[in-house]
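Model the full structure from these sequences, guided by the hints.
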Amino acid sequence: MSDQEAQWRRECDVFARYLTGEPAPPNALRHYVRWHQAPELHAPSAARGTGFDRLLVAVGRSSWPGLRLADAYSGRLLRTGLLRRKLILVLSLLESTAPTSGLIDQVGSRTKFGFWAGMVIRAGWSGCVFVVSIGVLLPLHVVCSIADRPVEEELR
Amino acid sequence: MSKGEVTVIGSGASSVHFARTALENGWSVVMLDVGRRKPAAVLPDADLNGLKTGLEDPARYFLGEDYGSLILPSDQDEYYGFPPNKAYIFDGIDDPPPRATGFKPLISFAEGGLAEAWTGGSYPFHDGELEGWPICFDDLSPAYDRVAQRIGITGEDDDLGKFYPRHAGLMPPLELDAHARLLLDRYSRKRELLNKRFGCYLGHARLAVLSRAHAGRPACDYLGRCLWGCPRGSLWVPSIGLEELRAQPGFTYVPGVTVRHFEVDDGGRVHRIVAVETSSGQERSFPVERLALGAGALMSAHILLASWLRAGKATPVLDGLMDNRQVLMPFVNLGMVASQFEAKSYQYHQLAFGLEGDTPFDYVHGLVTTLKTALIHPLVQSLPFDLLTSLRTFRDLHAALGLLNVNFPDTRRPNNTLSMEKLDDGGPPRLVVRYQPEPQEPKRIERVVRNFRRILRALGCLAPKKMTHLRPMGASVHYAGAVPMVETGGERTSTPTGRARAFENLWLIDGLTFPSLPAKNLTFTLMANATRIADLEFD
Ligand SMILES: Cc1cc2nc3c(=O)[nH]c(=O)nc-3n(C[C@H](O)[C@H](O)[C@H](O)COP(=O)(O)OP(=O)(O)OC[C@H]3O[C@@H](n4cnc5c(N)ncnc54)[C@H](O)[C@@H]3O)c2cc1C
Ligand code: SF4
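These protein sequence lines map, in sequence, to chains X and U.
Under the working numbering, the first residue of the first sequence carries the number 1, and numbering increases by one thereafter.
Under the working numbering, the first residue of the second sequence carries the number 1001, and numbering increases by one thereafter.
Derived from the structure by calculation, the hints contain no laboratory data.
Treat the hints with care, as some may be off.
[Stated by the list, open to error] Here are the simulated lysine-lysine pairs, BS3-like style, with alpha carbons at most 30 Å apart: (1) X:K112 / U:K1466; (2) U:K1190 / X:K112; (3) U:K1422 / U:K1313; (4) U:K1038 / U:K1104; (5) U:K1038 / U:K1003; (6) U:K1038 / X:K112; (7) X:K112 / U:K1313; (8) U:K1465 / U:K1443; (9) U:K1190 / U:K1466.
See below:
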């Protein structure tokens, strides 16, 4: 297995644990690698990204808190970015494959009150994480955008 | 002994019922079809979760070899896509696809045609909806009975009975899931208000799905796999009808041929069909005595126009193409949050709304699908949070989500045309589709959508305005018009019994001859009309 393949497998596993608390099933790992290896299967831009996109993915891959921040940031400010695309790919693989599909299908709250209380807490918490993510990641985003510009201009 | 031979083009819903009736009446039938074959059903007894555990490569089954069912951000155009194992239904042919303006045509070259992917909604038209047709419900009624008895239709004579004229062979309805039950229960408590204030009625959908065993097919077992194709044959699709035909003496099926045009003799009779083998492109011709064109409204128009063009007619134009405008209204039923969704239930619409209009023809038809086993990643990503929060929220909302699909009627108008254009490469000509909605459409849609939002609120549901989605014309795939049946008319019309006025031995057996298009899904009427034509002209 190449280093690159090992990294994709690790990435898929980290993302799966983040979304479901469980490791990625072998079927999901295999498809995650296959999707990355086969650029003809998606739009050329889908698996690449800007420098900041790649940085966000690396932050996400590094640890759970890193991924939490990177997800919060991209969930609001980079909704079509590389990290989000990879997370959604993992979600689609997890929902198609047992046993993670069962976890995704399972309702979380037991009561309607629990749902509404959970909603308030979740929305509040997600807002707080987003604020922190801005503090940490926005400066990096600005720096990366400036650094990326000459390359983009050259490409154009 | 056979009374004679009739050649049918296509194996869709219209053609299989035409062919079956002609066979029953003593004729022999040759059916020419592109006829792409469906893949064999996998693990036919497994429910949906059984597929996820039992298949060797479930991700490939659900997302597709080329990840065609993976919806990434910015790919999102519609709320759902077709599952990979149904991709064959929409595979094209080598000939150039239509060039369309204001219309998104969907064409099938599959064995069984478009209805291999249908959701089974089977609704008869009443006299108010048939206004402007040269026939009335009584003319169609025996054919509705016959089709219903062949395919099996479930439903109930409930509040919607006022919009659905009676026909024979109605089976008891399927079991509703908890979400649908709650909606119906709330409706029964608010019935008076909804009936009086909005002219709104809710009831069981009419579905071509068996609630008890019938004609050698088993009853629905609530496997929850409908979206991926019912492996039991409980949900009727035309390929089931085709299988039955193939077992009959007097029936010949010729798949793998794309009909290009037909040729006419000096007496104005069709005498030869020119086709190509779909695999090799090699030309083949078939002599014909009588021709029934059932290639779906768009492809039938294509064949008709190409034949006219070959005969040296000035560039012909057919007008009056119709389709039902659809508006999708996703909603959340607050009474269902934090409930577990029922994977083991019929997956498509279980309930239907009827909304009275100013005239019976203006009736608006709504289909209610409660969300169960469709892939959820396209929906999760549309929530306005990070993905983790969106997923956790979605899990609690899953059973509470629903989709109301609102269907509007359409009429024939001169601007909506089908024509042919010759291409520079000297190859076969291309169909050109042009569609313009009527100017008053936006106002009408706005009024109806506003009312539906209030109706849903009365039933305890929220339908966010931002998520309401106007589908492009063509997306409903209810194509009709262009060669209307009229009592008297010119060569671009047909007789009330489907005979093309331009050619003595040509019958148009699909939606091409509908003089108007009510809001209700048309396929039950397509099948009944094809049966009626065969009964009257091939007795
Ligand atoms: C997702 C989906 C859901 C739907 N749900 C409903 C519903 O719930 N209720 C409802 O009433 N309707 C529904 N419909 C619409 C319904 O499927 C169509 O109205 C119906 O299939 C039309 O049948 P048809 O026989 O007229 O034509 P088609 O289904 O288009 O069949 C055409 C046939 O002709 C053949 N053919 C085409 N061109 C050629 C050629 N050149 N040479 C040889 N053969 C050719 C094809 O192979 C095919 O067999 C749905 C459609 C879709 C796509
Ligand atoms: S629920 Fe759907 S897939 Fe299952 S048996 Fe019924 S119609 Fe077929």
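Does K1003 of chain U lie within 30 Å of K1038 of chain U when you go C-alpha to C-alpha?
-> Given pair K1038 of chain U, K1003 of chain U is violated - Cα atoms ~33 Å apart, limit 30 Å.
Pair hint K1038 of chain U and K1104 of chain U, alpha-carbon separation not exceeding 30 Å = holds, 24 Å
For the pair supplied as a hint, K1038 of chain U and K112 of chain X, confirm whether the alpha-carbon distance does not exceed 30 Å.
-> violated, 44 Å
When you check the alpha-carbon spacing of K112 of chain X and K1313 of chain U, does it fall within 30 Å?
-> Violated. K112 of chain X to K1313 of chain U sits at ~68 Å, over the 30 Å cutoff.
Is K1465 of chain U within 30 Å of K1443 of chain U, Cα to Cα?
-> OK: K1465 of chain U and K1443 of chain U at ~16 Å, within 30 Å.
30 Å Cα cutoff - pair K1422 of chain U, K1313 of chain U = Roughly 13 Å between the alpha carbons, so the hint for K1422 of chain U and K1313 of chain U holds.
Pair hint K1190 of chain U and K1466 of chain U, alpha-carbon separation not exceeding 30 Å | holds, 26 Å
Taking only the CA atoms, is the gap from K1190 of chain U to K112 of chain X under or equal to 30 Å?
-> Holds, at roughly 23 Å.
Given the hint that K112 of chain X pairs with K1466 of chain U, test it: the Cα-Cα distance must not exceed 30 Å.
-> With Cα atoms ~25 Å apart, K112 of chain X and K1466 of chain U stay inside 30 Å; holds.
Going down the numbered hints, you'll see the structure goes against 5, 6 and 7, while the others check out.
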